[in-house]
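Engineer: Now for the letters of each chain:
Protein chains: 2
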Amino acid sequence: MPLDFTIIGYMAGTLTTFASLPQLIKSLKTKDMSGISPYFVISFTTGLFLWLIYGLLRNDYPIIIFNIISLIFWIPILYISLRDEFKNKSYIKNKIKKC
Amino acid sequence: MPLDFTIIGYMAGTLTTFASLPQLIKSLKTKDMSGISPYFVISFTTGLFLWLIYGLLRNDYPIIIFNIISLIFWIPILYISLRDEFKNKSYIKNKIKKC
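So the protein sequences, as listed, match chains W and F.
Count along the first sequence from 1, add 53, and you get the number used in our numbering.
Count along the second sequence from 1, add 53, and you get the number used in our numbering.
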């Protein structure tokens, strides 16, 4: 494989991985998850975890490293997202109970 | 490569790709991009585009297909996100002008 191809792959991986850093910073700062689908966060984080297993089984270091970094960014986002989801659900339940 | 590994790779790719569908539906329905970092959306979509180029250069069909589908989901999200960003910036500019 020519070197140019590999460089493009590494650039692509770096962009899709580190794209999540400003999202993590925003989510931690604002705790505002209103625009983010919890189904997206759950499926995406599960997918990243499967990519990590795939990388480990194949001994593919770029896949392993990119997905460990991505998981470091997405696990806290998943935590905030799920906490919000449960909070909203119990809030609605309490509202219904009061009616 | 044993078949099991490949299946895990396809499951991982399917999850990380189709995770974006509920996000697209939510963004189109609510137009609420307040919790999503525009830097995340820009970098992530650019990264997906580079993955597509990488796949095309390597003739790697799974990479090509997964990234075309992802781009179909993320280009409209990018559009809504950037439109919101410019709207907010011009709103703040007008507010400052009025002061």
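If you're looking for bench data, these hints aren't it; they were derived computationally from the structure.
There's no promise every hint is true.
[Unchecked claim] When the alpha-carbon atoms are kept at most 30 Å apart in a straight line, the in silico BS3-like pairs for lysine-lysine are as follows:
#	chain 1	residue 1	chain 2	residue 2
1	F	148	W	142
2	W	148	F	140
3	W	146	F	148
4	F	82	W	140
5	F	140	F	84
6	W	84	W	148
7	F	142	W	82
8	W	148	F	148
9	F	142	W	142
10	W	148	F	146
11	W	146	F	146
12	F	84	W	148
13	W	146	F	140
[Claimed, not checked] Okay, the calculated bits of chain F under chain W, using three or more residues with CB under 8 Å as the criterion:
#	stretch
14	57–69
15	127–133
16	142–149
Beta carbons: idealized from backbone N, C-alpha and C, even for Gly.
Engineer: For every hint, state whether the structure bears it out.
Structural biologist: How the hints compare with the structure:
Restraint check for residue 148 of chain F and residue 142 of chain W: not satisfied, since their Cα atoms lie roughly 37 Å apart, outside the 30 Å limit. For the suggested pair residue 148 of chain W and residue 140 of chain F, the alpha carbons sit about 35 Å apart, so the restraint of at most 30 Å is broken. Distance check on the hinted pair: residue 146 of chain W and residue 148 of chain F sit about 40 Å apart at the alpha-carbon level, beyond 30 Å; violated. A threshold of 30 Å between alpha carbons decides the hint, and for residue 82 of chain F with residue 140 of chain W the separation of about 22 Å falls inside it, so the pair holds.
Between residue 140 of chain F and residue 84 of chain F, the direct Cα distance comes to roughly 13 Å. Compliance with the 30 Å bound is thereby established for this hinted pair. Of the pairs offered as hints, the one joining residue 84 of chain W and residue 148 of chain W holds, with about 23 Å between alpha carbons and a cut-off of 30 Å not exceeded. Simply put, residue 142 of chain F and residue 82 of chain W have alpha-carbon atoms about 20 Å apart, close enough for the 30 Å limit, and the pair holds. Using a Cα cut-off of 30 Å, the hinted pair residue 148 of chain W and residue 148 of chain F is violated, with the two alpha carbons roughly 37 Å apart.
The suggested pairing of residue 142 of chain F with residue 142 of chain W is violated, with an alpha-carbon distance near 34 Å, which exceeds 30 Å. At roughly 40 Å between alpha-carbon atoms, residue 148 of chain W and residue 146 of chain F are farther apart than 30 Å, so this suggested pair is violated. Between residue 146 of chain W and residue 146 of chain F the CA atoms are separated by roughly 42 Å; this puts the pair beyond 30 Å, and the hint is violated. With a CA separation close to 26 Å, the supplied pair residue 84 of chain F and residue 148 of chain W stays within the 30 Å bound.
Of the supplied pair hints, the one linking residue 146 of chain W and residue 140 of chain F is violated, its CA atoms being roughly 36 Å apart against a limit of 30 Å. Interface restraint, the stretch 57–69 of chain F with chain W: holds (10 residues with C-beta to C-beta distance below 8 Å; minimum three). Given as covered by chain W, the stretch 127–133 of chain F fails the check, having 0 residues with a CB less than 8 Å from a CB of that chain where 3 are the minimum. Note: the stretch 142–149 of chain F has 0 residues with beta-carbon separation from chain W under 8 Å; the three-residue rule is not met and the coverage is violated.
When each numbered hint is compared with the structure, violations occur for hints 1, 2, 3, 8, 9, 10, 11, 13, 15, 16.
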